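K.L.:
Using the sequences and the hints given, assemble the complete structure.
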Amino acid sequence: MCGIAGFYCAKKHYLKEPARYESILSSMASVQRHRGPDDEGIWLWEHAGFSHARLSIIDLAGGRQPMTKTDAGQTFAIVYNGELYNTGELRKDLRDCGHTFLTSSDTEVILAGYMEFGPEFVKRLNGIFAFAILDPVKDSLFLFRDRSGVKPLFYTVRDGEVVFSSELKGIFAFPGIEPELDRRGLNEVFSVGPARTSGCGVFKGIEEVLPGHFLCCSQEGISDRFYWRLESRPHTDSYERTVEQTSFLVTDAIRRQMVSDVPICTFLSGGVDSSLVSAVCAAELKKRGERLNTFSFDFVDNDRYFKANSFQPSQDRPFVDKMVEFLGSRHHYLECDNLTQADRLYDSVLAHDLPAMGDIDSSMLQFCSMVKEHNKVALTGECADEIFGGYPWFHRKECFEAHTFPWTMDLNARKVLLSDDFIQFLGMEDYVRETYERSVAETPRLDGDTPEEARRREIAYLNLRWFMQTLLNRMDRDSMYSGLEARVPFADHRIIEYVWNVPWDMKTRGGVVKNLLRQAGRGHLPDEILFRRKSPYPKTYDTNYEALLVKRVREMAADSNAPVMQFLDRKKLERFLLSPSDYGRPWYGQLMAGPQMLAYILQVNFWMEHYHIRIAL
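Each residue of the sequence shown is one higher than the one before, counting from -1 in this note's numbering.
Worth flagging that the hints you see were computed from the coordinates, not collected in a lab.
Every value quoted in this text rests on a predicted model; they were computed, and no experiment measured them.
Fair warning: there could be bad hints in the mix.
Said to hold, decoys possible - Listed next, the in silico DMTMM-like pairs over lysine to aspartate or glutamate satisfying Cα-Cα at most 20 angstroms (straight line):
# : residue 1 : residue 2
1 : Lys14     : Asp36
2 : Lys202    : Glu238
3 : Lys532    : Asp222
4 : Lys320    : Glu526
5 : Lys67     : Glu15
6 : Lys121    : Glu87
P.N.:
Below, the structure written as structure tokens:
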């Protein structure tokens, strides 16, 4: 993967000041160097400039960017972040159209495809990507993002000038663009965070290209077009055929995403999702006489403190051990201690340019940095729960009937530290309700659905649009901050399209959560793993970690210049710090309870301080 950035304005002539704008491009690339530590490049044209920080995975020697191709005296340019999993098929089709290729890079295939077919070529891509193409014939900039939103792409527009970047920090490297928060941004942080409204860049004036969309930027302005959307259709396959097709799509996606010129590895938790990915990868590598590297994550002495609950019914280690034996993989047991995950709270803010998921993020960031010592590419089991209905809120009556986001049903938990005046200013209930209703209204409907089936679709859509996006953001930022490429086979759009229309009864046949995926995995995994009850990403249960956070929050509150304190009530904060934490009732998702609330506040404070954020109301 890589970090891309650039700018475009039809009314400017950047080549009149090449040194100035080349310096800006270099700065935009350098702040994203973690995403691409292997190489760096810039390209400047009269109306546009591109920068690129590269992590070399495919065509290590020939895939340098920005990349250009010339046709009839016109030079087209691209900067690209991602991986294509159908490069071979596309290259063959383009060769049949008369194109020749100087590299084996997927970047050149995308650029040639655009030159041949225009922006509609994006519909043919199977992969994870965000890329920009400069079309000199149309004097236009095109910004594309993959269907599932795996790869990020932010942008802002000022006086007709478009500035874009993989990460927000790249935009702030452009002169004159400062980080500002308005009421909307504050609501994104405190009312729905760590989630984000799709397309919202949180900072004032900054947006993100929507998944499955592309922007056309020209002298006439900016147009936003979708090239892919979920569609609701009657499902006509039998149950047996549905299992068969799901099995094919999942295994095909995993095998496709193994393409790499460097060795791959997998994350392995011992759950059905990561185990299935690992099993398919291990079997494919075995055919080549190679052995798979696998990695599992936990916390120092967590077995001493672990307490089973409805969200985390069991620890991972016994199931990881069984899978390692089954796979014959070269396994690495990685652990994170209290001090490290607390210290890396701040690194995870730098990775996201936003407050993140507390220690759920900081620990993943640490694990990714440890994996990077062994491999540059990892396949993960992310997204299966959102697609196949694995979360508790798919099944619980109170979540099903609640007219709000099911992973945050009680806003009072979010208000516990905030001042009453700030709560009133935010209008938290109104913001969440309006955001929720807009999202629900986007749900692709199907005539003939019963009210119950229609509600199932709403919950499923919310999970794809919101919760999955939050976890994809986490995986991208934490892995890329470490120079690691994380791939998510379950986010393949073919799987999402197919499973979206599978009736709930088929997905949970026999009352078994994610039964469709479990049945599709038969022949790849032992039943003990296939039918293990879901257990999410691990977190520490060590109360010493909470004590460490309490100490840091007290130190923060004692600082008269701590920016987050303008939003907090000191008396509420003190009561919260004295009360025992509830580990069983998260305020966001399944994992973010009391300690994560403290971690989140520390992240918000560091974020505002480090980025010198101005409140613009």
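K.L.:
Tell me the hint numbers this structure goes against, listed in increasing order.
P.N.:
1, 2, 3, 5
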